[in-house]
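Letter by letter, the chains look like this.
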Amino acid sequence: MTSSLTLEGVSAARGGDRIWTDGSFSIGLGAIVGVIGPNGSGKTTLLQMMLGLLPVASGTLTVLGEPPRRGNPRIGYVPQNYTAEIGESIRCRDLVTLGRTGARWGLGGRSGADRASVDAALDAVSAQGFADRRLSQISGGQQQRVAIAQALVGDPDLLLLDEPLANLDVRHQHEIVELLRDVHAQREVTIFVVVHDLNPLLSILDGAIYLLDGHAHYGAIGDVVDSELLTHLYDTPIKVVRTAQGDLFTRS
Amino acid sequence: MLHVLAEIGYQSNWMDVLRAGFMRNAFIGGTLVAVASGLIGYFVIIRRDAFAAHALAHIGFPGATFAVLAGIPVTLGLAVFCVSGGLAIGALGKRVSNREVSTGTILAVATGLGVLFASLASANTSTITSVLFGNLLAISWGQLEVFATFTGGLAIVLLVIARPLLFASVDPDVAAAKGVAVRGLGIAFMLLLALAVTMAVQVVGTLLLFALVVTPAATALAITARPVFVVGLGTGIGLMAVWIGLILAVMFNLPPSFCIVTLVFCAWVGALVMTRTRRTQQSRPLSSHG
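Protein chains in written order, with the numbering used here: chain P, 1 to 252; chain H, 1 to 290.
By construction, these hints were calculated from the structure, which means they are not laboratory data.
As the structure is a prediction and not an experimental result, all values here were calculated from the model.
From the three backbone atoms N, C-alpha and C, an ideal C-beta is built for every residue, glycine too.
You may find that some hints are simply not true.
What the simulated footprint calls covered on chain H by chain P, stretch by stretch (three residues with Cβ under 8 Å from a Cβ of chain P suffice, anywhere in the stretch; the number is not a length) [as the list claims (entries may be wrong)]:
1. 124-132
2. 152-163
3. 218-228
Some but not every residue of chain P turned toward chain H, in silico, with C-beta under 7 Å [unchecked claim]:
4. Val56
5. Gly71
6. Tyr77
7. Arg104
Just need the whole structure built from these sequences, with the hints factored in.
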């Protein structure tokens, strides 16, 4: 296995409607990949196909060298609007634990390995300080950390994050980006991040899947951050500015 | 009015009444129902299905009056209607809280049907009253056998599915991605809830069902968030309310449902006041996030 995601002539459909077609590319292991495109272009659809939650309409898609399947323990997943969907009555630690034990039948106790893994995941996102509080009692940025801890708890090889920066202010966006950088440095994990705005993530992305005109493409980040491409992608004028530090910036 | 007040006053022979056979049945029945309700109540709240529990109780009402009309046991009529209603709600998949209007409409129609069946059966007022408000003092040995079977079955099934059900309840998207059968568990849960409602209706009645199925667990959840503790504490609150409520009912010649509901309500208010106080005492820079 040498690729995290390989598409060969893949098209995506939802409820009978084609969303995008002609996806053919391969992405290596260990990358941090952005998934970008306008609203409704099929970003979440791609993640759901990778998770085996949605069938591949046509073509061949392999994740970590295998066909997609539900319940793949090698994938950690944080859905969109994650915390909004969750009741306010659960402790952060219990939620993270469910990420590891939640699919098991019966009431058998957590093993020492389970506890250690939960603690390691909470440590990785610096969430130990509020792990025993309820999800409703912590801030949006902290909730996102807990969500990522839950995805990390099974030691996945691939992390799929759907809009982890949504509803966060600039400072908390930055904290999550730094967190992803740390997680990536400390664990052998490939990270796919669906984002609306590339800017906060530019410093850590290796490449991006962009969904444009009903097709899926992949490019290295230097090629994607291109004035013409981004202007076309978002259908609004976007400029690319190279700052003295060598950072790439896009702005309209 | 004076006559009524005199009837409700302190009963000096209450110790003797407590030893009567029907009181033994009431204690056993109340205990079984409190246990079943405590087990299921946590999941009702965490799934935000309280309205479904309420709706199921109302769907049970025509079941009970139809049973009177058809001359079959009331428990059977209740169970058939509640289980069918539960399966229908479960099969719809989406949470009931997202479908308040349609659920409320079905609830109203069910209640209307109940009234129709009751008038067709020319059921007397006391039959209807006991369905609407429960009649713990009239629980028969046959009903107890059904209660024991339901509570036992519910406990066993819940022990097996508790963890995936919790996962599917709080976090359905991730649970589905992890291979948990979210939809199947939702249907299984509605079945269990239907069994609990079938029993609880006979104890506290259609209109007061919340008092046993929802409020004790809500009270427990205000105090602790640990799932096992919530279930234990919620069951404990339900049990205390049933036991103390029955004794008070006999002591002062009050309807047991009234006593049970009032005790549960007091516990709930107490927990709310307690947690509010705790919250203002602690400095919480990050509170009140949705």
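field: Verdict on chain P covering the stretch 124-132 of chain H, criterion of 3 CB contacts below 8 Å
entry: violated (count 0)
query: At a threshold of 7 Å, is the proposed contact between Arg104 (chain P) and chain H supported by beta-carbon distances?
result: holds, 6 Å
query: Are three or more residues of the stretch 218-228 of chain H within 8 Å, CB to CB, of chain P?
result: Coverage by chain P holds for the stretch 218-228 of chain H (4 residues, Cβ < 8 Å).
- prompt: Taking 8 Å as the C-beta cutoff, is the stated coverage of the stretch 152-163 of chain H by chain P satisfied by three or more residues?
  reply: n = 5 at 8 Å, threshold three: holds.
message: Given Val56 (chain P) as an interface hint, is its Cβ closer than 7 Å to any Cβ of chain H?
response: Not OK, violated: Val56 (chain P) not within 7 Å of chain H, min 16 Å.
- prompt: Minimum Cβ distance from Gly71 (chain P) to chain H below 7 Å?
  reply: Result: holds, 2 Å to nearest chain H Cβ.
- prompt: Is the shortest C-beta separation between Tyr77 (chain P) and chain H less than 7 Å?
  reply: holds, 5 Å
Of the numbered hints listed earlier, those contradicted by the structure are 1 and 4.
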